[in-house]
Amino acid sequence: MNYFEIFTNDNINMCRSFVIKFFVWFAFFQILLLPAMHAQDVEFEHTLFYDSIVGSPSASISSLDWIQGDWRGTAFGGNTEETWNASSGGSLMGMFKLYSDEAVYIYELMTISQEEQTLIMRIKHFNADLTGWEEKDKSVEFKLVQLKDGFAYFDGLTFEKVSEDKMNVYVVIENDDGTKEEHIFPYTRK
-19 MNYFEIFTND NINMCRSFVI KFFVWFAFFQ ILLLPAMHAQ DVEFEHTLFY
31 DSIVGSPSAS ISSLDWIQGD WRGTAFGGNT EETWNASSGG SLMGMFKLYS
81 DEAVYIYELM TISQEEQTLI MRIKHFNADL TGWEEKDKSV EFKLVQLKDG
131 FAYFDGLTFE KVSEDKMNVY VVIENDDGTK EEHIFPYTRK
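Under this note's numbering, think of the first position of the sequence shown as -19, with each following residue one higher.
Hints were generated in silico from the structure; no laboratory data involved.
Mixed in with the good hints, there may be bad ones.
Stated by the list, open to error - The calculated lysine-lysine pairs, modelled on DSBU-like cross-linking and capped at a C-alpha distance of 30 Å, are: (1) K104 / K123; (2) K116 / K128; (3) K123 / K160; (4) K123 / K77; (5) K104 / K77; (6) K104 / K141; (7) K116 / K104; (8) K170 / K123; (9) K116 / K146; (10) K146 / K128; (11) K104 / K118.
Using the sequences and the hints given, assemble the complete structure.
Below, the structure is given as structure tokens:
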């Protein structure tokens, strides 16, 4: 068989059929399966989740200067205080406390830092006696997902600027049974 004999009608039709099937399967994968592979486990009204394929957008720490100040609110049947310092050194630093009249339940130390032209939020949790939840050299990280129209979406955590003196923070928390819920922390500037 010489080189030109392989180009028979049967072989050409077989190749054409293979190419068509390949592109049909490829299109099926691209349209139906790929988005499902990167979809959120559960969608919530006010929070988004980080997609490693999309990555984090470019952002400046100054885009969150509105968060600075003393904020008060209620959540989980208690009172909340959240305080954010003015940005300096490429970061914001914040503190959080959940308490009742009888006791403090939790403290948090928080930072939002500008790193590699984007923002990342880190939190360390503490009990009332300041024993830490995370290992000494670990923190919980929230990568930036999107900044849009008064919203700062981090991975499972959102800041919403309602007005100059009102802010909502939405956090997705995993329950002991593995289910996830979105919780709101409504704040008023003190």
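In rising order, the numbers of the hints this structure does not comply with: 2, 9
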